[in-house]
Every structure is written in structure tokens, then in C-alpha cells.
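Taken in order, these protein sequences are the chains called A and B.
Under my numbering, think of the first position of the first sequence as 1, with each following residue one higher.
Under my numbering, think of the first position of the second sequence as 1001, with each following residue one higher.
Just so you know, the hints here were simulated from the structure itself, not pulled from any lab data.
Watch out, some of these pointers could steer you wrong.
Unchecked claim - Simulated pairs of lysine to aspartate or glutamate, EDC-like, Cα-Cα distance not exceeding 20 Å: (1) K1158(B) - E279(A); (2) K1158(B) - D192(A); (3) K1158(B) - E281(A); (4) K1158(B) - D199(A).
Everything numeric in this text was worked out from a predicted model, so none of it was measured.
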Amino acid sequence: MSENSGNRVRPLRPSGATPGPLEVWVVGINHETAPIDLREKLAFSSSDLETLATRVIATTGAAEVVVLSTCNRVEVLATAGVDQELAGPLTEFLALEAGLEVQSLHDHRYVYRGRDAVRHLFRVASSLDSMVVGESQILGQLKEQFRVAVEQGTVATGLRRCFEHSFRAAKRVRTETEIATRAVSVSSAAVDLARRIFDDLSGKTVMLIGAGQMCELAAKHFMSAGVRNLIVTNRSFDRGVELARRFDGTSVPFDRYREYLPMVDIVLGSVAADGAILEREAIVPVLRSRRNRPMFLIDLGVPRNFEPSINELNGCYLYDIDSLAGVAEDHRAERTKEADKAERIIHQEADSFWELFQGNDITPTIVALRGKLEGIRKSELERAKTALRRMDPEDREAMEAMTQAIVNKILHIPLSVLKELAREQDASGASEATDFVHHLFELEMLYEDKSKES
Amino acid sequence: MTSLLLEGSLLAYLIGTVAGGLALWRSSDGLRHATIAALLVGVVLQGSSILARSTAVGGLVVRNFAEQVSFFTCLLVAVHLLAQLRFRLSVLAAVVGPLAFIGSLIGLVDQGVVANVPESFKRPWLPVHITLAFLGNAAFALSFLVSLAYLWQERQLKSRTISQWIRRLPALESLDRINFTFLAWGFVLLTLSILSAVVWAELSLGRFLSWEPRTTWSAIVWLIYAALLHARVTVGWGGRRAATLTIVGFGVLFISFLGINVLSPGQHAVAYG
Chain A
1 MSENSGNRVR PLRPSGATPG PLEVWVVGIN HETAPIDLRE KLAFSSSDLE TLATRVIATT
61 GAAEVVVLST CNRVEVLATA GVDQELAGPL TEFLALEAGL EVQSLHDHRY VYRGRDAVRH
121 LFRVASSLDS MVVGESQILG QLKEQFRVAV EQGTVATGLR RCFEHSFRAA KRVRTETEIA
181 TRAVSVSSAA VDLARRIFDD LSGKTVMLIG AGQMCELAAK HFMSAGVRNL IVTNRSFDRG
241 VELARRFDGT SVPFDRYREY LPMVDIVLGS VAADGAILER EAIVPVLRSR RNRPMFLIDL
301 GVPRNFEPSI NELNGCYLYD IDSLAGVAED HRAERTKEAD KAERIIHQEA DSFWELFQGN
361 DITPTIVALR GKLEGIRKSE LERAKTALRR MDPEDREAME AMTQAIVNKI LHIPLSVLKE
421 LAREQDASGA SEATDFVHHL FELEMLYEDK SKES
Chain B
1001 MTSLLLEGSL LAYLIGTVAG GLALWRSSDG LRHATIAALL VGVVLQGSSI LARSTAVGGL
1061 VVRNFAEQVS FFTCLLVAVH LLAQLRFRLS VLAAVVGPLA FIGSLIGLVD QGVVANVPES
1121 FKRPWLPVHI TLAFLGNAAF ALSFLVSLAY LWQERQLKSR TISQWIRRLP ALESLDRINF
1181 TFLAWGFVLL TLSILSAVVW AELSLGRFLS WEPRTTWSAI VWLIYAALLH ARVTVGWGGR
1241 RAATLTIVGF GVLFISFLGI NVLSPGQHAV AYG
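Please model the complete structure; the sequences and the hints are all you need to start from.
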């Protein structure tokens, strides 16, 4: 249990040294490792995603695949036989898919395997790996993309167990820590700020310049906050039209979007461009024809889309992604403490899951099962206390011995089967069996018990 | 009897102040309602006491500084409560509460020297003029407070550091609209008060205008607010510049109210002793 507790990528394990027919892999890029233009190139649309996992399996020979693609990350979670190397093939596949040089992707990607891959997945699910820690959208996205993979049949027992446990770990983090109590994502920060400026969002018009993931997410937030008028403009007109249709908005050509600015109250920009696409001089006449009504500009682009000096104009409020994150995290210190707590939970969950997953440790299951049955035996004896009191001490002892014998008899066969499975080094058999036993007897306590020991 | 009413209103304002402060600290509907209720009780008691004393002396009791402050406080709370019917302004209640408490405390403590009320002041036009002027000033005072809140919030939004207190304020757009409402009402009341003064001067002094300092200052204030409202209606002048000018306008009003009455002689000084 003490092995492999480091955070780094584990060295390749000689095949067959430890039982475990399945190795878990994660290859991906996120907001910390890759610049936005690279992330944008890799960001797959939801229609791409449906067939992507199947193609990954066909190309790389992975056993199971789930592709996770959000505005801040693109990663492939896969399982394969222990002696199969997946990092290289997965990286090549992603590079090919996005039309990138393998080397440029290689420089920005991260690779996790085994226990670290599981821990990474758990961290992502609990939003500990998000740009704004504690935001709640990521779990929904993870569940959705897992559901797609299940429908496409690219998920079997291995990844299903990983994902289901990651949802459970995320739930534990949410209930036991307070990192998710406030609306903390960048998008909700933008909506919060809009509510500081405008009193009623339902009458306001939002314009999306660029149809990137981040823009789409922010638009979704504004729509659910009551905004009804949406204008989309995008370099690729078709993509803009598609996005506008999805939000029941209007699409305007990219070279003419400035004509529409006077009727727009909230501008969201995330265009991949070398310099600013909207400069101060362009906004001044817009403000005049708006009769000085305030404008809220949200720059989600990297590098920035809007000239920073726009913020100096009277009635203009310009926020870029960093300042939004800054506003969202104004309780930073407090949240860091909660995040530490969450990290500890994830560590425990990942460790105990990994032991179960590898199936080379059935002891916790045996202990938990015994504990469960012993608990039932004792509580039943307790309930029969009045009847027992009328017995002789000798009879009572016999009763005690008898109930213990029943428990042992019941446990005998299941436990020997479990032990045999573990001895045969059929790890998948043993771990599936322990999983099933946990499910059958509702042995939830195991994780908490283990965490207290460690 | 009247001092009992005043003491009662003082107590109610104190309760309103505490509840209003707590409502800022911990946002709750119960505390907000308690604040409004306490201020309502306070204003009714204070109003009754002013009415009782005015009936007793046969003229509006604004004969010294304390009585003026007391009367103004009463109207300020009343106008503020009317505004609360339309806008949700728990922060404003938290500021008006302490102002009302201090104002009625001054009214209770400083009874001061009471000048005899001249006969000309007992004509009905004068109480009308004073009430209109004070109501207008109350509306301008509230627009001043709203403008301060506006500038505070707008500065935080510009500098991208949002404090927890700011979250209790209405949105910038709402503050701007509320400011405009108060300004418009204040302007109407100020205009009416000037007209009523003209009528009073014509009836009791035989001339419709006397260019004494207070009159000049009133004209300046009227022009400032007229320009502000004009720019607002014609070119949509609002936001930070409007808030700043509102504050300037109220500053001039405040100086003319405090300074001129005390320093320069004239019809207004006669009225105030």
C-alpha cells in the first residue's frame, strides 16, 4: 500500500510483477499546461465526441476510452493491458485529430497512469483541477461525457468503476468540504458582475464574439440568468449559426458585428487573435449612440481581445479572465484551506479505490463483511435481551456461541472463494467480486474506516 | 405630552438604527421589515409631536435650528419610507436610521431660544413654502446618499475589487434610476417651494422677490439641478457624472442651508431667529 504514493508519473512496471490486467491511462492538456489556441484546436464539438472514443480504440488498441472535452481541458481516459504503452499512441492520435505537430502537443500534454491516473480523474471530478477550484459544472460535463461513452459502448467494467467511484469521491468532497458553496466559476462570476451593473438581465442583449467553448459556457450562464436576446458572431459563419440556433439567438457576419454593438449590453469575446480586435476608439461612438447606457465587456480571449483602456471609458466595465477569476476567488484563503481538505479526501479515496481496483487486497472487504455480520448478530441479540435474561448463564453462552457459529458458517464459503480468487492472481476476478460484495452488503464504511487508519 | 412623543420617536429610531445595521450585517427579511416598522413608528410619533406643538403656537415650529432639524428629519424619514414602497433599499434604511436618530436627538436636547413668530409668518403660504422646501431637500438628501452609493460601487467595479458590502447594494442601473427619481421629485418640490415663496412675498411683503443671499443660492441650486435633469432627459446623461453633480448640487444646498441662514440677515434669517 505504500508503493506508488508519489504524484509524478510512475515508472513503467515490469509486466506481470504485480497482478492487474488493466492499466488506467490519462493523456491530456488543460488550462495550466497548454495555451488557449492549442486548447481551442483540440476542443471537440459534441458531435465529434460521439464517434471519437470509438476511433481512439480502433487506432491505439486501448481497451476502453472516455474522451473529456471542456473549455479548460481535453483529455483521454483509457485502459489497456498492463504491458501496453498508451501515452505515445494517444498523443499521436490527438495531434492528428487536431492537425497539430506531435511534438508541439507532446510539450504541453500530461500523462498519468495507474493510481495517479485515478487520482487525477477524482481531482477533475471534484473540480480541484479546475481553473476556478470548486466550480460545479465540471462534474456534470464529466457525467455527460461518460454517458456518451457508455452509449457508444467504449466503456466496460474498468472505466465504469473508475468513473462511478470518481462521482462518489466528488460527492464526498462536496458534502464534507465547503469548496463548492459559492458560485465560483468564471462564468458565474461574470453573471454576478452583470447583476451588479444591470438591474434586470432579461431585457438585456448579449453578444458573443467567437464561438469558443468558454464563450459558449458563459452564454449558457447568461441565458439561465434570464437573458433572452443573444447575438453570435464568429469567423466561421456556420459555427456561429449553429451556436445561435442552439441558444435561440441571432447570427451576424463577423465583418459587420460592430454595427450591432449599440444594441448590445454585454459583450463576450473569445477569439483567437494576435492582438486586440476591439479598440477604445471603436467603443466611443457606440457609447454615444447608446445614450451612455452602461456596457459590460467580458474578455475571455488569450491573448486579450479587447483593448484594456476600454475600462477607462465612462460607463464601460471591462473584465478579462484573470480579473473574473480574481473576483470569483475573493475568499481565496478560506477556500485554500477547504481545498487542502478536499485533496486529502481525494488521496484517501484514490488509494482505497486503487487497492480494490487492482484486487490484490481483499482484507478490507473481509474485515468490512465480518464487521457487518457481527453488527447484525449483536443487534439481534440485544433485541432478544428480555427473553435471554430468563435463561441460565450456561444457556446464554450456548446462544452466543451458536450465533457466532452461524455467522462463521455463512461467511465461510464466500470468504474462501474470495481468497481463492486473490490467490489465483486473477485480479480482475477478485476485484470484481469484492466490488460485488460491497454492493451486495452495502459495505460503504470501508472507505471511511481506511481513511481513519491512514 | 409632546416630549413623550419625541422620546418615543427617538427610541423607535434607535431600534430602527440597530435593526438596519444588523440587516446589513446579516441579510434577512425579518430585520429589514423590523427596520421599516421602527422608522414608521418613529416618524408617526415625531410627526404628531411637531403637529401638536405647531397647533399650540399657531404656526409651523421651525423657529430655531433644533426645530428645523427635527422637522427636516421627520420629512426625510417620511420620503425615504415612501421610496421604500417602490424600491428595495435596505442599505438606505441603514443610513437613514442613524440620521433620524441624531436629528431627533438634536430636536429633543437643544430646545434653544424660541423667537416670537411674526404675524406675517402665520399666513398659510409660509408653512406650505417651508414644507415644500424641506420635502425637496429631503429628496435631494436621499439622491445624494444614493449617488454616494453609486460612486462607491462604480469605483469597485472599475478597479475589479468587489467587497462583501457592495453585494448589499442594488445594481448600478437601479441606483441611477433611483437617483433620477429622487432628483425629479426634489426638483418639482423645489420649484413649487420657490413659487409658493413668491406668492407669500407678494401677499405679505407686497413684493414678489427679495434678492437676499438665500434666494440667490436657491436659484443656483435650482439651476444646477435643472441642468442635470435637462442633460439626463436629452442626451441620457447619467452614471458617474450625474452622481458626481448630484453630490455637488447637494453640497451647495447644504452650505446655503447651514451657512447663509446663520451668517446673513434677510427674510429667511428672520424666520429662523
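Now the hints, each set against the structure:
1. Under the criterion of a C-alpha separation no larger than 20 Å, the hint pairing K1158(B) with E279(A) is consistent with the structure, at around 18 Å.
2. Using a Cα cut-off of 20 Å, the hinted pair K1158(B) and D192(A) holds, with the two alpha carbons roughly 15 Å apart.
3. In summary, the hint linking K1158(B) to E281(A) is supported, as the alpha carbons are separated by about 19 Å, within the 20 Å threshold.
4. Pair hint K1158(B) plus D199(A) holds up; C-alpha atoms about 17 Å apart against a cutoff of 20 Å.
Going down the numbered hints, you'll see the structure goes against none, and every one checks out.
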